[in-house]
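Novice: Given next are the chains, with one letter for each unit.
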Amino acid sequence: METILEEIQSTGTFKSGDRPNANALEHEAIYIMREVAAQFERPVLLFSGGKDSITLVRLAQKAFWPAKIPFPLMHIDTGHNFPETIEFRDKLVKELGVELIVRNVQDSIDQGKVVEETGKYASRNILQTTTLLDAIEEFKFDACIGGARRDEEKARAKERIFSVRDDFGQWDEKNQRPELFDMLNGQIEMGQNVRVFPISNWTELDVWSYIQKENIEIPSIYFAHKRNTFLRDGLIWSAEDDVVFRAEDETVEERMVRFRTVGDMSCTAAVESYADTIDKVVSEIRDSKISERGARIDDKRSEAAMEKRKQQGYF
Amino acid sequence: MEVLKIATAGSVDDGKSTLIGRLLYDTKSLTDDKLEAIEKTSKLKGYDYLDFSLATDGLVAEREQGITIDVAHIYFSTASKSYIIADTPGHVEYTRNMVTGASTSQAAIILIDARKGVIEQTNRHFFINNLLRVKDVVVAINKMDLVDFSEERYNEIKSDFEQLMQKRDYEDQKITFIPVSALKGDNVVNHSENTPWYDGQTLLEHLEELDLQDIYNIGTPRFPVQYVIRPKTDDFHDFRGFAGKVYGGELSVGDEVVILPSMTKSRIKGIYFYDKKYKTAPRRSSVTITLEDEVNVSRGDMLAKVGDLPTIDKQFTATVSWMDSEKLTAGGKYIVQHGINKVLAKVDSIEHKILPDYSGIEEGVTALGMNDIARVKFRLNRPIFYDAFKAHRTNGSFILLDTRTNNTAGVGFIN
Chain A
1 METILEEIQS TGTFKSGDRP NANALEHEAI YIMREVAAQF ERPVLLFSGG KDSITLVRLA
61 QKAFWPAKIP FPLMHIDTGH NFPETIEFRD KLVKELGVEL IVRNVQDSID QGKVVEETGK
121 YASRNILQTT TLLDAIEEFK FDACIGGARR DEEKARAKER IFSVRDDFGQ WDEKNQRPEL
181 FDMLNGQIEM GQNVRVFPIS NWTELDVWSY IQKENIEIPS IYFAHKRNTF LRDGLIWSAE
241 DDVVFRAEDE TVEERMVRFR TVGDMSCTAA VESYADTIDK VVSEIRDSKI SERGARIDDK
301 RSEAAMEKRK QQGYF
Chain B
1 MEVLKIATAG SVDDGKSTLI GRLLYDTKSL TDDKLEAIEK TSKLKGYDYL DFSLATDGLV
61 AEREQGITID VAHIYFSTAS KSYIIADTPG HVEYTRNMVT GASTSQAAII LIDARKGVIE
121 QTNRHFFINN LLRVKDVVVA INKMDLVDFS EERYNEIKSD FEQLMQKRDY EDQKITFIPV
181 SALKGDNVVN HSENTPWYDG QTLLEHLEEL DLQDIYNIGT PRFPVQYVIR PKTDDFHDFR
241 GFAGKVYGGE LSVGDEVVIL PSMTKSRIKG IYFYDKKYKT APRRSSVTIT LEDEVNVSRG
301 DMLAKVGDLP TIDKQFTATV SWMDSEKLTA GGKYIVQHGI NKVLAKVDSI EHKILPDYSG
361 IEEGVTALGM NDIARVKFRL NRPIFYDAFK AHRTNGSFIL LDTRTNNTAG VGFIN
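The listed protein sequences correspond, in order, to chains A and B. Here the first sequence is numbered in UniProt numbering, starting from 1 and rising by one per residue. Here the second sequence is numbered in UniProt numbering, starting from 1 and rising by one per residue.
These are calculated hints, taken from the structure and not from any lab test. Don't take every hint at face value.
[Unchecked claim] Have a look at the derived ranges for each label pair, beta carbon to beta carbon:
1. D172/A to A330/B: 26 to 32 angstroms
2. D33/B to T118/A: 24 to 30 angstroms
3. G79/A to I119/B: 56 to 62 angstroms
4. D33/B to N228/A: 21 to 27 angstroms
5. T118/A to H237/B: 57 to 63 angstroms
Just so you know, even glycine gets a beta-carbon here, dropped at the ideal spot from N, CA and C.
So here's chain B without its partners, still in its complex pose:
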């Protein structure tokens, strides 16, 4: 079974939770007891429709206020795919949650209220999905029932959005428009009779047809060593295996590799997954690799193919999305966690803030607050082995840890 992770984006009241609830309902993913609970609560609240948001808003405070506070993950499956939807809230910590949801997703759904059209928030939703290089974006123009399923209104919103698309940085992103009513169920799972002018796919049809082979960004193979396996048993007396996950491309037995940072060369001798040996470790597989030579490898080192090395440097510039209530300041010290590798870092300078609604940049900034996005220059206390985020989504990203609170305070995309 294939797994597709999807991020959702929309402002408060655009109907995200309702859309997800509708997907669950129409794919018959809600079990009887859950449906009963929703019916009961909807009735108690005096609604004359089923409030599907009750299926996804898991915290007491969320149900009290009728809003989604934290990212929730919702699961459903069809005959061909398993879906994981990150339901991201649309208010105060919006950018932070949206970036988080998009970082693990291969597809995104941006919701637009057909009555309101493209608003400032829409720019942000699109900006973030483009910044995070989410490959497939669906623009769901929702609440079509409230604009009489007007084709004209739909086209108007579509053309406004297309104008926005001209400003994007990541041009290979695939964008699809669908007119829906999440509340009434039009074009979510089933084709609507109310939109005879729309001959495209329903939302679910679109998701079902996404080719997961194509949706992961392909780069060069990178193998960060997570853990050294030394069983020291009679059967495996000399076994020294390097455990890790393969990113970007695949690695095979016989491949000539360089160990970073020592720059020692060796060859892949064996690839193990549990108690079996294999010739090739595909992208995103968690394997254990042995090498031909007795070389010194420890956690945080990286294997890369000869002739295909990442940049090895102690400084870089990155686009940072700040997520903490404590401000990021020029001169501030943080821990950069790049994959599994942790190094001390100093903010050299904040080059400029990037306004996440495509309205430009702001210069002369000395600090970043929660939800700010900026181009920041870092200096590290020792080199890391990175690629540009554009070329490698995994090896081009890092998180920033606050040295006092240990919190994950921000995320960076290396330029």
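Here chain A stands alone, though its shape is the one from the complex:
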């Protein structure tokens, strides 16, 4: 047996015992996970297959070990996911032995609840809000854990750790509960639900460093690989799937790329990169001059793109 102190000293975080540091973020997130399990009757972890939700899964494992994660995972599948992500998701769920719920945006389209966008920038990103809200109602979830971080985007910088949504799933950004010290107020009315963000205070680099330190497996598209791509608006798009609209004059070229975020194929651009290992990815992020969401066309629709989507119930 060794002390946490010793272990932490040897790994270089938590110097000389008590100091809060990057590891403090992990302890904070675990505390939040436990509050969710204790304060709510039907929590769910929203799993997209991206690095942030994969990190959440590891934190949930740590929070409840040696017991299993006491809530299911749910994936809102736009049908436009990278195939690598879906493969990864199914493998992870099998290892964890937890329940996976999948709800499809395609079903919402077929039911006539939402209409597919058309044109050059067509995406199912906004459509998934309807599918998500329907699923929350179907399963009567009262808490949805998500991997949003405050450093990602400036409307997200205003988000609480426990963020209350009304019966319509709406976010009232001007009337949020103050959060003091460590205390989380999860008291809600029937029909309301809470969005929970355990890694609110993490930066992109914190997440990558954690994945590196913990040796967490992530989908292969996060690492540099050869891919057929084309250029539009200065961004690199995958030309390997039909869901990404490509005009005839947009020529296909093979490039060495990786993805920094894993949203839908239709709204996530790649970055040129040779970082094919986690160590190289971490140093690339450290030196990066472009923000993470700089390659997300869904944020570029307007200065308030994220705020508007969040008010409607998006994550």
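Following the hints, position chain B against chain A.
Specialist: Below, chain B without anything else, positioned relative to chain A:
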């Protein structure tokens, strides 16, 4: 990497957002695409300088009105530390937001406009940071460029502020004065050539040197049980672990502990963090503890070391900062959330209002409105296990929930 949380305080137009923007810019924390967006918007608005507040004001209404409405969190890091800055707005809901920001911060920056000097608002900013026992406070005397970088003006403001300091309750608070121009960048990250008379540190140098070991208030160990872990699997058939976060001090295997409120004694058998066992759980670690004896422990119970118990009582007096538009009234019923423990509470009496600008107290008050601070006496329907806020920042604070709206309506610091 160490994480330092900082609260900012300043009145409207004192340049808080600009100061934060400057910190981001000079530490090269703004990425090209964000910088481009700021340049573009500044130009569109016809400014001949970069409007850094655009980097932090995240809501549409804020950008429209050019003010910060809600607390925003801004992140940047240097080689030695990660910083989280709570940008708190300086208008109507000011006290509420300021208290919120300060509650999770270990350091604070109070901004003063060098042209205006110490104003009534400054008293409030200082009062709140002192009330919340924020350990390190930087007084940034800003807009020095608009007073010709005058040493005399700087000293004048400094001495006015020092007078204010004599009224403070929390005397161990460390206070540092720095002359800056957030807009032009003087003494924020880089030393200024315009203030040859100032030989102190720049703002960033000061923050970089803060010892995080020292900055957390140390108390006695308290372990509120959040969740009971019972895996009931073949491998862990009899495992009963108590999950929670350690506050104030550390706990070790073999420590003799008392379980509150049952007052049962036991000994710590194991400390787990994920799938490893440890001897000691340091302050602020989220661990799982097992006990030697088969004792009854559930969520809301607390482990404390034998001989080092908190106060166990159904009544207490606290300094309350009210945050709701619905008034707090004498005789009113609320839920007290003390850590993770929720109990019903009744306001026994409002002893007096405390004017948050050091101008004294107001007696004969029957109700509290938003932003009011007062000494309030509570009665609970069952005992909680608390310490005085002075002795224990975590175990000495609580929030008040409105029983009808469920809103977090106020926060209290137990006397």
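Novice: If you check the beta carbons of D33/B and T118/A, does the distance land in 24 to 30 angstroms?
Specialist: holds (27 angstroms)
Novice: Given the range 21 to 27 angstroms, decide if the beta-carbon distance of D33/B to N228/A lies inside it.
Specialist: Given range 21 to 27 angstroms: holds, Cβ gap about 25 angstroms.
Novice: Indicate whether the distance between the beta carbons of D172/A and A330/B respects the range 26 to 32 angstroms.
Specialist: Since the Cβ atoms of D172/A and A330/B sit about 30 angstroms apart, the hinted range of 26 to 32 angstroms holds.
Novice: Do the Cβ positions of G79/A and I119/B conform to the proposed distance bound of 56 to 62 angstroms?
Specialist: Hint holds: Cβ distance 58 angstroms, inside 56 to 62 angstroms.
Novice: Is it true that the C-beta distance of T118/A to H237/B lies inside 57 to 63 angstroms, as the hint says?
Specialist: The hinted range 57 to 63 angstroms holds for T118/A and H237/B, with Cβ atoms some 58 angstroms apart.
Taken one by one, the earlier hints all hold for this structure without exception.
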